[in-house]
Amino acid sequence: MLDYEPDIITNCTNTLVDSLKEAGYSEVDACIQCGTCSGGCPSGERTALKVRTIMRKVQLGIEDILSENDIWYCSTCYTCLERCPRKLPITDMIIFLRNLAVQKGFMLKSHLDLCKKFCFSGHGVPIDDKKWKELREFYGLKKVPPTVHSHEKDLDEVKRLLISSKFNELINIDSEELGIKKKVKVSIVEETLEKYITEEEKLKISKI
Amino acid sequence: MVQDKKYSLFLGCVIPNRYPFIEAATKKVFQKLGITLVDMEGASCCPAPGVFRGFDIDTWLIIATRNLTIAENNNYDIATMCNGCYGSLLEADHQLKSDVEKRNMVNYHLSKVNRSYKGSIKVKHIIEILYKDIGLDKIKNRVKYGRKNKLDLRIAVHYGCHLLKPSEIRPWGKDSETPHFLDDLVEATGCKSINYLDKYRCCGAAGAVRSAFKEISLDFTREKLTNMRAAGVEAIITVCPFCHLQFDLGQIEINKIFKDRIDAPFNIPVIYYTQLLGLALGMNPEEVGLIKDKELSGVPPFISIEPFLTKIGEKLEG
Chain B
1 MLDYEPDIIT NCTNTLVDSL KEAGYSEVDA CIQCGTCSGG CPSGERTALK
51 VRTIMRKVQL GIEDILSEND IWYCSTCYTC LERCPRKLPI TDMIIFLRNL
101 AVQKGFMLKS HLDLCKKFCF SGHGVPIDDK KWKELREFYG LKKVPPTVHS
151 HEKDLDEVKR LLISSKFNEL INIDSEELGI KKKVKVSIVE ETLEKYITEE
201 EKLKISKI
Chain X
1 MVQDKKYSLF LGCVIPNRYP FIEAATKKVF QKLGITLVDM EGASCCPAPG
51 VFRGFDIDTW LIIATRNLTI AENNNYDIAT MCNGCYGSLL EADHQLKSDV
101 EKRNMVNYHL SKVNRSYKGS IKVKHIIEIL YKDIGLDKIK NRVKYGRKNK
151 LDLRIAVHYG CHLLKPSEIR PWGKDSETPH FLDDLVEATG CKSINYLDKY
201 RCCGAAGAVR SAFKEISLDF TREKLTNMRA AGVEAIITVC PFCHLQFDLG
251 QIEINKIFKD RIDAPFNIPV IYYTQLLGLA LGMNPEEVGL IKDKELSGVP
301 PFISIEPFLT KIGEKLEG
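Chains as they are written, first to last, in the working numbering: chain B, 1 to 208; chain X, 1 to 318.
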């Protein structure tokens with residue numbers, strides 16, 4: 001059961017629905033709260049993610065969902081999208097909600113770190129230790145793969161595109177830090193989800 | 001015109017930088033099948049469809065399209081070995097082919113680095129090339145160990161989500177819940193694909209879940225491994241390096257984190273499909289990257305593949 005006052009439905013201004021519609025997800029109103037999405041969600045079985053609730057909160061314009069972890073528990077398995085009887089692209093909507101969350105400054109630290117790796121190396125999982133080069137060589141491959149890792153010019157292109165789309169501003173990296181000279185405005189990333197990071201970092205696992 | 005028998009090989013991140021034996025094995029197996037995989041010089045991260053797309057959709061689309069233009073310049077369709085790269089590149093290509101506004105937006109940004117998207121190539125997963133372009137019959141005919149000396153192992157097939165879904169822009173038809181093409185490909189090698197509970201479920205790695213919430217992500221995998229073990233499988237076959245990592249390194253992690261919640265430690269060998277296919281085509285374990293580098297520590301495969309190789313050896317001798 002949702003524990004909202006009934007009049008919230010008529011009183012709230014719904015910027016979430018407006019944003020989704022503007023981005024092309026005009027079907028957002030069509031959700032009938034049948035729960036098929038939550039029923040098939042492998043993440044919802046073990047986390048607080050309830051896709052049906054996310055959809056309802058979107059319809060009601062309750063923006064808490066942008067600052068809570070739930071939308072980040074989705075493993076993007078697309079089961080909800082496949083099974084939705086109204087054929088709503090639910091997984092894609094969740095991905096769009098993540099975009100809105102990031103625009104508002106809500107991003108987990110581990111995700112921010114991933115972004116930085118990508119911005120500086122062009123790879124989400126870069127070669128960051130010489131053992132990976134040796135491993136490649138063991139299997140008869142070139143030490144460095146023929147990707148941006150081998151081509152400075154291509155890495156430069158990727159960085160210029162990240163600046164062009166203002167991705168670096170989104171995650172608070174100055175273009176000069178990336179080695180590209182151009183003045184950009186720097187915004188602040190709030191790390192409001194810090195409490196969850198410590199939990200994650202309790203796991204002392206050999207990091208690949 | 002895109003030429004036949006050559007593909008632009010998109011490497012992504014996890015394969016070249018963590019699981020390079022997948023790259024080595026796939027290149028050799030495709031060569032044996034008469035297909036040349038041409039490197040995409042200067043390609044970047046795809047970028048990952050759940051992670052980076054979750055941060056900024058436009059940036060994801062621009063960088064993915066830059067990768068597409070490298071293949072366009074090569075003039076060969078793309079072959080990917082990773083479900084995530086497949087999802088990103090296929091969906092970016094689909095969006096740009098069907099949405100002029102997005103195409104103009106992306107080309108505006110790409111023009112700053114002297115590139116433009118033409119829409120002249122297709123994006124395929126290597127499994128699609130094997131199953132649809134080469135075909136099951138041709139593969140069966142090439143398999144050396146299939147008639148008398150059967151490989152005949154009990155295999156748990158793991159498809160991975162982004163290979164199958166969203167089914168609307170995948171080549172497998174509408175059935176994303178119970179497909180069998182990968183089971184067919186595994187059985188073409190002489191092995192048996194074993195049915196197990198929730199076989200088509202997610203491994204838990206993708207969607208930025210592993211990077212932020214490792215324990216939650218591994219709980220998906222723990223469940224899958226429990227079901228695989230209950231079915232009595234001898235190896236897991238993957239077609240995605242991130243699923244592969246999640247099952248390989250994941251078993252080590254699960255054995256520590258969920259020590260009290262599992263009956264016994266897991267140690268099921270994890271094999272990428274082209275490695276198994278290579279063996280069936282008569283290649284030796286070394287050629288398909290099934291020998292571990294014992295000099296280096298902290299490198300995959302983390303779960304020993306020795307039991308798998310021993311069983312293969314016994315099957316082929318007997």
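Since the hints were made in silico from the structure, they are not lab data.
The structure displayed is predicted, hence computed values, not measured ones.
Just so you know, not all the hints are guaranteed correct.
As the list claims (entries may be wrong) - Within a straight-line C-alpha distance of at most 27 Å, the following computed DSS-like cross-link-like pairs (lysine-lysine) qualify:
| no. | chain 1 | residue 1 | chain 2 | residue 2 |
| --- | --- | --- | --- | --- |
| 1 | X | K292 | B | K131 |
| 2 | B | K153 | X | K112 |
| 3 | X | K292 | B | K50 |
Now for the hints, and whether the structure bears them out:
1. K292/X <-> K131/B: holds, 14 Å
2. K153/B <-> K112/X: holds, 14 Å
3. K292/X <-> K50/B: violated, 42 Å
Of the numbered hints given earlier, the model fails hint 3 alone.
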